[in-house]
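If you read the sequences in order, they're chains A and B. For the first sequence, position 119 (counting from the first letter as 1) is numbered 118 according to numbering that gives the first Met the number 0, and the numbering increases by one without interruption. For the second sequence, position 60 (counting from the first letter as 1) is numbered 59 according to numbering that gives the first Met the number 0, and the numbering increases by one without interruption.
There may be inaccurate statements among the hints.
Copies of one chain are not kept apart here, so a pair can be met inside one copy or by any two copies together.
Unchecked claim - For lysine-lysine, the following BS3-like pairs were computed, each having C-alpha atoms within a straight-line distance of at most 30 Å: (1) Lys40 <-> Lys10; (2) Lys188 <-> Lys83; (3) Lys129 <-> Lys93; (4) Lys6 <-> Lys50; (5) Lys93 <-> Lys10; (6) Lys129 <-> Lys50; (7) Lys50 <-> Lys93.
Hints are computed from structural coordinates only; laboratory data are not their basis.
Single-letter residue listing:
There are 2 protein chains.
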Amino acid sequence: MPRDPSKTRRKLIAAADALFYNQGIRAVGVDAIALNAGVTKRTLYYHFRTKDELIAAYLDGRDQPTLGRYQALIPEAKEPAALKVQRVFEHLSKSCQDRQWRGCSFLRAAAEFANLPGHPTRLIAARHKKRFESWLENILRADGIAGAPDLARQIMILFDGAVAQILIHRDPGYASSAAAAAASLISSKRQKRKSGRSAR
Amino acid sequence: MPRDPSKTRRKLIAAADALFYNQGIRAVGVDAIALNAGVTKRTLYYHFRTKDELIAAYLDGRDQPTLGRYQALIPEAKEPAALKVQRVFEHLSKSCQDRQWRGCSFLRAAAEFANLPGHPTRLIAARHKKRFESWLENILRADGIAGAPDLARQIMILFDGAVAQILIHRDPGYASSAAAAAASLISSKRQKRKSGRSAR
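Produce the complete structure using the sequences and hints provided.
Rendered as structure tokens:
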């Protein structure tokens, strides 16, 4: 039994994170994870009854940090939503140029387990994306933009679409294209609101 | 040796297609594919030297049929590009409600092999997406829309983003959101052109 169980658990999740994110979930066996964590397979199974439990802990462990990285960029300041949304895409454009970047872990997990709607990764991925979308919605709402829920959805679609295209083409230019599209959509909403007002 | 080698080859690709698309590429072994094609593993390896060769044949076999399904919906008629693009998203909205739908095979393959930039699936996926994007560009160009290459990229991003969100949430509503965003982007381009003209 390890002396500090919570430390061992963290080491296992860190090893799983490095391997799953880089190579994919199904491509990596528990043996490799135990080896990289420096523990026996028996110890791994003491902390996680099944590989699925470890997969869930891996993905769940990315939920808040991933959203948090974006939230940290964008303080609650009274800035236009359009500017905040641009920063989201700028961050994507920068981070996707990291040599370790392999796209979105949640989208990739949903893709790997596309045929298993009840798999824990599916629930965690869906929850994460909804949280991201709600956060975008709050940014738009704080700036008084009408139709914030619809627009947040569209920006979420642009964001994941850019991630998908960059993963496929290894071209960060898709982040700028998505940013330009988001800017245009936000500006159209503003235009509509203005013309709506003047028509009254 | 099979009596008709090309027929056996087609049977193997069909078996691979059914299994890879449903379960994922790494989740399926060659044994299962040989079994489903009704041939021995030896026969499988007579037609495909490696699993990677079979994977490439599977994905390549989806390239033209996938694009072709969209092309068939949209004849070369003199219709507004906006209407044609709406049909693309309507088709996505319909097809994603099929019980067998598991998202985009090209995106899922790129996600599974995210760490292997030289893997054959990566090249085939990139080529397929570029062909799809070029086809969208031609639709926009045929309608005299300025900035067709940029707009085609943005519509491509919306399309794959919608596919990703639907895969994650199992909610076809994302196809309608993406369609509305595409319509707004096309209309903004038209507006700009008009105001550009009147300013001259």
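Hints, one by one, checked against the model:
1. Proximity of Lys40 to Lys10 under the C-alpha cut-off of 30 Å is restricted to the intra-copy arrangement: shortest distance 13 Å within a copy versus 40 Å between copies.
2. When the C-alpha separation of Lys188 and Lys83 is checked against a cutoff of 30 Å, the pair qualifies both within a copy, at 16 Å, and between copies, at 23 Å.
3. For the homomeric pair Lys129 and Lys93, the shortest alpha-carbon distances inside one copy (23 Å) and between copies (23 Å) are both at most 30 Å.
4. Taking the shortest Cα distances, Lys6 and Lys50 sit within 30 Å of each other inside one copy (19 Å), while across copies they are farther apart (40 Å).
5. Within a single copy, Lys93 and Lys10 get their C-alpha atoms as close as 28 Å, which meets the 30 Å cut-off; across copies the closest is 45 Å, which misses it.
6. In this homomeric assembly, Lys129 and Lys50 come within 30 Å of each other (Cα to Cα) only inside a single copy, at 25 Å, whereas the closest approach across copies is 37 Å.
7. In this homomeric assembly, Lys50 and Lys93 never come within 30 Å of each other (Cα to Cα): the closest approach is 33 Å inside a single copy and 35 Å across copies.
The structure is inconsistent with hint 7 alone, although it conforms to all the rest.
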